[in-house]
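For the sequence shown, position 11 matches number 11 in my numbering, and the numbering has no gaps at all.
Hints listed in this document are in silico derivations from the structure and should not be mistaken for laboratory results.
Do not take every clue at face value.
[To be verified] So the derived label-pair ranges between C-beta atoms look like this:
(1) S60 x N88: 35 to 45 Å
(2) S14 x P87: 16 to 26 Å
(3) D121 x L30: 16 to 26 Å
[Said to hold, decoys possible] In silico SDA-like cross-links for lysine to any residue, where the CA-CA straight-line distance does not exceed 25 Å:
(4) K112 x N31
(5) K29 x D53
(6) K99 x K84
(7) K108 x L3
(8) K73 x P98
(9) K99 x F69
(10) K73 x P87
(11) K37 x K70
(12) K37 x Q47
(13) K70 x L104
(14) K111 x I7
(15) K71 x Y41
(16) K99 x N81
(17) K2 x N81
(18) K71 x N88
(19) K99 x N31
(20) K29 x Y62
(21) K111 x F69
(22) K111 x N31
(23) K99 x S61
(24) K73 x E42
(25) K29 x Y41
(26) K70 x R114
(27) K108 x I75
(28) K111 x D58
(29) K108 x L30
These numbers were taken from a predicted model, which means no experiment stands behind them.
All C-beta atoms in this analysis are idealised placements derived from N, C-alpha and C, irrespective of residue type, glycine included.
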Amino acid sequence: MKLECPICETELISRKVSPCMNCGGNSTKLNHYRTQKFTEYEVYFDQRLILCDFCDVDFSSYDVTYFGFKKGKRIGLNDFNFVKEIPNNELHFDHFCPKCLHRLSFLKFIKKCRIENEDLDNK
């Protein structure tokens with residue numbers, strides 16, 4: 001069974017990834033994963049994200065409209081609720097979109113944010 005990206009519908013590939021749901025599938029970042037710390041957060045719309053110590057700080061650099069938020073909204077670490085540190089930073093297999101350059105878990109996060117924001121706009 002072929003899986004498609006929930007954002008762009010490109011066929012997903014299976015590859016080794018780090019725990020970071022944002023950059024964990026980026027092959028150039030995998031060289032550094034053992035030196036990174038990973039944290040689980042509760043974020044927008046009761047979703048949970050595991051992010052490395054770079055991606056959690058860098059999250060605010062995203063264009064908010066990518067997640068379906070209205071232009072001008074500020075997003076970032078201030079919105080995140082700490083859940084726990086992730087002690088296991090081993091590589092494992094996950095699905096990855098070669099076009100969007102994200103793991104499936106992050107793509108699902110994006111999709112849910114877009115749906116929830118659209119629902120808010122329609123209320």
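Original post:
Going straight from one Cα to the other, do K99 and N31 come out at no more than 25 Å?
Top reply: holds, 21 Å
Subject >> Restraint status (C-alpha distance of K2 to N81 at most 25 Å) >> reply: violated, 34 Å
**OP:** Note whether the CB distance of D121 and L30 lies within 16 to 26 Å or breaks it.
**Re:** violated, 38 Å
**OP:** Could you grab the alpha-carbon distance between K70 and R114 and see if it respects the 25 Å cut-off?
**Re:** Holds - the C-alpha atoms of R114 and K70 are around 10 Å apart, at most 25 Å.
**OP:** Sort out whether D58 lies within 25 Å of K111, counting only the CA atoms.
**Re:** holds, 20 Å
**OP:** Quickly compare the C-alpha distance for K29 and D53 to 25 Å and report which way the hint goes.
**Re:** Judged against 25 Å, a Cα distance of about 12 Å means the pair holds.
Original post:
Regarding the pair K73 and P98, is the alpha-carbon distance no greater than 25 Å?
Top reply: violated, 28 Å
Original post:
Has the given pair, K73 with P87, been kept, meaning a C-alpha gap of at most 25 Å?
Top reply: violated, 33 Å
Original post:
Is it true that the CA of K99 sits at most 25 Å from the CA of K84?
Top reply: Status violated; Cα separation ~30 Å.
Original post:
Has the given pair, K111 with F69, been kept, meaning a C-alpha gap of at most 25 Å?
Top reply: Holds - the C-alpha atoms of F69 and K111 are around 12 Å apart, at most 25 Å.
**OP:** Would you mind confirming whether the straight-line C-alpha gap from K108 to I75 stays at or under 25 Å?
**Re:** holds, 18 Å
Original post:
Does the alpha-carbon distance linking K71 and Y41 stay inside the 25 Å limit?
Top reply: Between K71 and Y41 the Cα gap is close to 23 Å, so the pair holds against 25 Å.
Hints 1, 3, 4, 6, 8, 10, 11, 16, 17, 18 and 22, counting from the list given before, are not met by this structure.
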